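Both chains come to you apart, so use the hints to assemble them.
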Amino acid sequence: MKIKKNVAISESGFIFNPTTGDSFSTNPIGLEIIRMLKEEKSKDEIRKSILSKYITDDSTFEKDYYDFVMMLQTNQVADDSE
Amino acid sequence: MKQKITVAVSGLNNIDSPGPGIPVIRALKESKDFDVRIIGLSYETLEPGLYMHDLVDKSYQIPLPGAGIDSLLERIYYIHNQEKLDVIIPNFDAELANFMKIEPLLKSDLGISMFLPTQEQFDERHKANLYEFGDKHGVDVPYSKMMFSTSEIPSISKEFSYPMVVKGKFYDAYIAYNAEQVANFFNKISAKWGLPIIIQEYVFGSEVNVTALGDGKGNAISAVPMRKLFITDKGKAWAGISLDDEELVNIANRVISSSKWRGGMELEFIKTAENKYYLLEINPRFPAWVYLAAGCGQNQPEALVKLALGQNVEPYKAYDIGKMFIRYSFDMIVDLKEFEQISTIGEL
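Residue numbers (my numbering), protein chains in the order written: chain A, 90 to 171; chain B, 913 to 1260.
For reference, chain B alone in the conformation it holds in the complex (with noise of 0.2 angstroms):
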């Protein structure tokens, strides 16, 4: 029998640059163990998770990460008063901090559980720290520096040789061929995601990237690696496959195991054709692909609820390679009374 479980998932944009929700919610559905009961948050009333109610029981609007943790807190408490959750997956890395900082406080509380890395994992993964990162735990990451201004082009011209690759301190990165486009692309991200920008040496390969569970005490519970196979504009998988690459799960678990990561990540690397890695970038949470991981037979998300429950979690052994993830879109007809109601009462 089922254990009946309430889960709130936060991810729910399930558009071209999609956040992890929606799979999220897909592999819970399919868990084994759990009836799960699928609480949507969501901070825009048209992401459009919060209209699928074949997988989301129930949405709230919560506040942006920018309205801090008290107000964060005050709707988890009426949330939690409406449902009784029993675990929060929060998905978006913008949020992580907010909700790395309450943990404690909703487990004590209210009985929330959650699986989260911790402040110290959180930010020595960070963009920013991830060339320490990389030296650390003995992975390879290619050179990087921060920078502040538009003024310190000139040494890092200098510094660096040209193309190299312009960062977001959370999203978004660009491949510069010039002084003049390190400028632009400096503009482009920083007006949307503040200061620093990170500047990064350009290492030619394919891309392969993992998506893993760490139980927190060094065990990697699941590596499933991963090539895209079809990209959009914006960088984002549209297809992949699972691969065969004995070499690149060794790397996750070492990172794991070293870091001692808790909870879900993403690790995207550079393979080269001398076949060597370059870490490029830790993601603290799962990936969108991440149901791809579920459909090769180790459901990260089941496993990660288990976790968080305090349940005895084995690692998973293997995984089905070769099997393949392709997204497609489709368009939900929504009556404008769901909307009127999301957008009114921040509840659907």
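Bound-form chain A, shown alone (with noise of 0.2 angstroms):
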């Protein structure tokens, strides 16, 4: 999973994809592992970022990660080239 490079991700988790001028926000959760993809990060450590973060499970995680990368990707957002 890697996010397009031309992809523009602000501080607040505005997002814009000048290839289709897209735009969507995202909550501070959402940024990190933006984040993460961006410094291509694996789904094991993004994982264990969350886990030691954040008051959650890792079933839990793992059904949201897997909710939000798809949406990274049918948004265009992300390639699945991992």
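Careful: at least some of the hints might be erroneous.
[As the list claims (entries may be wrong)] Using 25 angstroms as the maximum straight-line C-alpha spacing, the simulated SDA-like pairs for lysine to any residue come out as follows:
id	chain 1	residue 1	chain 2	residue 2
1	B	1188	A	113
2	B	1188	A	169
3	B	1104	B	1035
4	B	1013	B	1030
Keep in mind the hints are simulated off the structure, nothing from the lab. Everything numeric in this text was worked out from a predicted model, so none of it was measured.
Written as structure tokens, this is what we have:
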């Protein structure tokens, strides 16, 4: 999973895809995950980071992470290139 | 020091389905090289641009295109006598044919410059010929066919699958989901714009457009792609955003290079989920959203004026990505005297 290079992500969680003209906004945890994806961190690394910082469990992370990355792919913000 | 010039511009109907006149004028007023006096050319007395005195210095009514080139010429001679025009920028599809015919005469007799497509370019990009145009210039175009009578609907229904697009030769397009709707749209469009009606294969995807300028020698001076973000019930963009789409710009450049397009143009595409581009339409003049190009750093109307005046114009290399335009409407308060003046003497 890779965030497309030309996608712009602001501090406030505003995401702009200049190829399609679409824009989105995400909450702070979504922004954190996107940043880690941009740094090309693996799913395991992202899982460890989220589980260490927030009160959640592995299966909840798994479900929410899957939903989130599917949304990124559907909206052409990310490529399924991992 | 800026060069003083007088430019006549039509398309002052800045309404919900706007003409490109006012955006063209705004771009010209921001020119770094020209100090432009604007002469508005109007067909109707309620075209809002007539009353926008901060943008339009003086306006004249001109005869409707159906009146022919003799009455148009007579009127232009009169206007030139008053205003000493340097350049005319016609902005309506329906008036272009007349202006193209008188372009050489206006240049030789009055020294007025225009920068219009040739008759051949104008004809080959026509909606009825677009499929062949795509074939010739290597661009994908949805399959289309001309239709002259509702009696052709049964054979059309066999050749095309539903939904299909029903289009007028100049304006208007509707999506028909059954034969009854095709007949309905056929009658509605033909009553307004005449025949033929064009039936076009429906392609699913998002609409992306390019405003561009060709120098007539195969060079694209400018091409700025945009996606509509808000579309009115008439299908017009009420908001849009400039895109970073190299493939789209490349296709526009290819069309301009291959056709040696002369003048402003708008290319309308559908981009499918598989990232394939289908050319839906070529408008042979700037679109009403051309001011976005100026806002992105490519002042296409200014470059067109330079080309018309025979000046050297280098192709633009970059434009701002992610710049948006958002239209708005406001009510002008107009004195009845002004309306009376344009209605009676045809000048304001």
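Here is how each hint holds up against the structure:
Simply put, residue 1188 of chain B and residue 113 of chain A have alpha-carbon atoms about 24 angstroms apart, close enough for the 25 angstroms limit, and the pair holds. In summary, the hint linking residue 1188 of chain B to residue 169 of chain A is supported, as the alpha carbons are separated by about 19 angstroms, within the 25 angstroms threshold. This hinted pair checks out: residue 1104 of chain B and residue 1035 of chain B have alpha carbons roughly 21 angstroms apart, not beyond 25 angstroms. Between the alpha carbons of residue 1013 of chain B and residue 1030 of chain B the distance comes to roughly 9 angstroms, so the proposed pair stays at or under 25 angstroms and holds.
Hint check: no violations occur; every hint is consistent with the structure.
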